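*Asks:* Whole structure, please, built from the sequences with the hints as guidance.
Chains as they are written, first to last, in the numbering used here: chain A, 1146 to 1280; chain B, 1146 to 1280; chain C, 1146 to 1280.
What the hints contain is simulated information worked out from the structure, not anything from laboratory work.
This structure is a prediction, so every number in the text was calculated from the model and none was measured.
In silico EDC-like links for lysine to aspartate or glutamate, alpha-carbon gap of 20 angstroms or less:
no., chain 1, residue 1, chain 2, residue 2
1, B, 1251, A, 1274
2, A, 1251, B, 1280
3, A, 1251, A, 1168
4, B, 1251, C, 1280
5, A, 1251, A, 1173
6, B, 1251, B, 1274
7, C, 1251, B, 1274
8, A, 1251, C, 1274
9, C, 1172, C, 1274
10, B, 1251, B, 1168
11, B, 1156, B, 1173
12, A, 1156, A, 1173
13, C, 1251, C, 1173
14, A, 1172, A, 1154
15, C, 1172, C, 1249
16, C, 1251, A, 1280
17, C, 1251, C, 1280
18, C, 1156, C, 1274
Restraint ranges, calculated between C-beta atoms of paired labels, are given here:
no., chain 1, residue 1, chain 2, residue 2, range
19, C, 1257, B, 1175, 25 to 33 angstroms
20, A, 1256, B, 1257, 35 to 43 angstroms
21, B, 1214, C, 1222, 20 to 28 angstroms
22, A, 1156, C, 1257, 38 to 46 angstroms
23, C, 1159, B, 1215, 25 to 33 angstroms
24, A, 1202, C, 1256, 36 to 44 angstroms
25, B, 1171, C, 1228, 43 to 51 angstroms
26, C, 1169, B, 1171, 35 to 43 angstroms
27, B, 1226, C, 1165, 17 to 25 angstroms
28, B, 1228, A, 1251, 41 to 49 angstroms
29, C, 1224, B, 1180, 44 to 52 angstroms
30, B, 1218, A, 1156, 34 to 42 angstroms
31, A, 1172, B, 1226, 52 to 60 angstroms
We put the beta carbon where it would ideally sit given N, CA and C, even for glycine.
Read off the chains here:
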Amino acid sequence: MSRRALTLEIKTRARTEFVPLSERIRKEAAALLEGAGILHLYVPHTTAGLCVNEGADPDVAADIARVLDRLAPWNADYRHAEGNAAAHVKSVLVGTSVTVPVRDSKLRLGRWQEIFFCEFDGPRSRAVELRFLPE
Amino acid sequence: MSRRALTLEIKTRARTEFVPLSERIRKEAAALLEGAGILHLYVPHTTAGLCVNEGADPDVAADIARVLDRLAPWNADYRHAEGNAAAHVKSVLVGTSVTVPVRDSKLRLGRWQEIFFCEFDGPRSRAVELRFLPE
Amino acid sequence: MSRRALTLEIKTRARTEFVPLSERIRKEAAALLEGAGILHLYVPHTTAGLCVNEGADPDVAADIARVLDRLAPWNADYRHAEGNAAAHVKSVLVGTSVTVPVRDSKLRLGRWQEIFFCEFDGPRSRAVELRFLPE
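*Replies:* As structure tokens, this is what we get:
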């Protein structure tokens, strides 16, 4: 494995769950971040995603999850036979990667920003791949 | 042209079409991917996008396209006079770029993941710009 | 501050506003773009975002803003007590970063593409962090 890449394992506990990652990244990926550049986070899944938004008030993530539920309801007129088409749609709306600036070997998140793993078809065992790209 | 960049030409055949790109990238962009880093894909268009999601069952892409049609119907109360405002909205919801990890000179897509070019105002001749960024 | 990073300050004037950035980037960030790579743009905010779409006809951005208003109405059944939950949701749908190819030290935007700062809870003083990553 590369010195500049790392995989975080995540166990989700509900169908929909926004799991904050920033604290884990600061602890487990500190050796990855050398100087200035960006941290690239990627989920190798098709029914999950990543986003950056407010972490201070957990109601914000709950509101985001509820709007996504309204945009892509779990039960609707989908063709995909596995029953989790809504989770695939949400993954596309939210996206499978985020990138965050790094300076002085530190994540440069805004004051209220948290990096969330977005579970849309849990509970499951998931992975997030981190990779540092220097300037 | 740079040794680390490449443009894929795409001909779409319908107004809405999700065109799988992973196989073409593996064949045509193999020389681009050297060691570890990320592959950056970019569409220089305003009525198309890129996403990563399930490729095994084509019903998944069809479901995603249908939900996007519901969120931004083709005919609605838009101001843009060209008649394709819905395609612009979908492009923003899906995004104009994706980034995928590369390791050992290979794309690190998840087992079920496919990279899709998303046509929202076809049929047209389109381009996707690929660029490799090393760790 | 790094030679390859730069912060743009933005003053927004309305609750919702799409502020074109490409011209400012070409002028103020020219020294950042050296050769080939990508420009990474990031907002450290949780009620704003970034997108790339048509800049020629301002009706396009207005249509995008209006669809987002329909998907996440300002007044709805949100839990977040600050009253701006809709802005958080839109930030997630649009995303907090965009990446644009650079070649020959120039932004490689498509002919109709403009980079927009998306204000969803203005008017406010905002920042966009730019960072160049070489191939």
